[in-house]
Amino acid sequence: MRYGIKLRVWGNYALFTRPEMKVERVSYDVITPSAARGILEAIYWKPSIRWMIDRIHVMQPVRFENIRRNELANRVSVNQRDMDEGKTVCRYIEDDRQQRASMVLRNVEYVIEAHFKITGSDDSDPGKHLAIFERRVKKGQCFHRPYFGCREFPVNFEWCDEIPAAVFTGRQDLGFMLHDIDFANDMTPQFFRAVMQDGVIDCRQEVIS
Amino acid sequence: MNDSIQNRYEFVLLFDVKNGNPNGDPDGGNLPRIDPETGHGITTDVCLKRKVRNYVELFKENQAPYNIYIKEKAILTERRQPAYDAVEEEKNKSKKISKARVWMCKNFFDVRTFGAVMSTKENNCGQVRGPVQFAFSQSIDPVVPLEATITRMAVETKKEADAQDGDNRTMGRKTYIPYGLYRVHGFISAPLAKQTGFSENDLELFWNSLKNMFDHDRSAARGEMAARKLIVFKHDSELGNAPAHRLFQLIDVKRKDETRPARAFSDYEVTFAKDKVTAGVTPLEMF
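Residue numbers (the working numbering), protein chains in the order written: chain E, 1 to 209; chain F, 1 to 287.
If we strip away everything but chain E, and leave its shape as in the complex, we get:
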């Protein structure tokens, strides 16, 4: 059986928000392993598997663009203030509007290399999951449309056998980057030192949380 999968993904825009810049969002230079996992899960996922991102190939030069939009300032809470008798259960956007900028990426293209771990439940034939994923990708099927960081930036995807030649050469240190969120441990974010070597980021390394 083949080990793991390769998926080519591309789109017009992307926004992989840096956690330290969340209000006026600024994207990381490249896709995070956590966003890549989200894309794979949008295509196929079951509780009995966990996608692990191995490598990310960056296929296009990194370019940014700034977009400012009107947004709702607050989240909706399920509490007396928002949902109390004597008040309507709705929000007036004018009362609660903010203009926020986002620094987004333009024209992105990546190849995601990944495999999955069986999480130990009974439904554990790895060949089956691999076959379903491959079938879905080749038919263009997905559970929901995958996205690059935010849902307004849809992802095109296709199966990838041969990884195209890289546009980057040499070593680029992208600094500390979010690896993923540890959901088992009270949603602890985990970081890693992202280094791009000839356009390839190896995500299989020690994480720091």
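Treat the hints loosely; a few may be bogus.
Partner residues aside, some chain E positions facing chain F, computed with beta carbon under 10 Å [stated by the list, open to error]:
1. Arg55
2. Asn66
3. Ile67
4. Tyr147
5. Arg151
6. Pro154
7. Phe168
No lab work stands behind these hints: they were computed from the structure. Remember, it's a predicted structure, so these values are computed and weren't measured experimentally. Beta carbons are placed, not taken as given, at the ideal position from N, Cα and C, and that holds for glycine.
Using the hints provided, position chain F relative to the given structure of chain E.
What follows is chain F alone, placed relative to chain E:
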């Protein structure tokens, strides 16, 4: 929840603007949004979602289950429907939240369609992901944003009038695009529709809103905007039968005469290679 839609959909909507500003850029002094690299016009996803919400609010008059959660200020008869009452019996906090979430989906069209983030600090109950996803729309050709200076024959204050010796004229600015044809792609996920209860009736209403939303959004800034074409790809299955990008490629919009700037929808030709649509996908030309 059982009558939720059973098919995946993608759609392509073409809309145009004549002498108006479809979506101002707060960063650019409210000039029409432009992609700085290509000069093409942009409207954001949220701009179109706002219009869908407003149309549904107008059309369904805030009757449950078509209430709208995120409203613009319109004076409407406000009906009291506290979600809290509906879940009052429940004492367990996380159960209460999930019940409230179900209640919200049931009563509010926009929560059911686009989703909503409903979380509190101490108890993040996550969010509702709606089945309908919009991308940014882009104009077919680069657009030329123009500015028109306009005058007003009145002033705001006595002080201004005195300063002008009673001439009472002020200048203002309007930014607009003489003509732009925009194309937007959207996606509808059946599995997510199952989670929020987005039904066939909701879908019908959604298509109607795309068709009619510009007709109820007239203003001095907008100029003449109109929905020109809506092509929907209906997949036979929940998960879909073809890659979305291949379906979108079948629709080509081109200017008929490249030597003249476009000033009307008739200056464009829309070709749709219907015969090339993958088996298992039904193309529907809504209008």
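task = Taking the numbered hints from earlier one at a time, note which ones the structure violates and give those numbers from smallest to largest.
result = 1, 7
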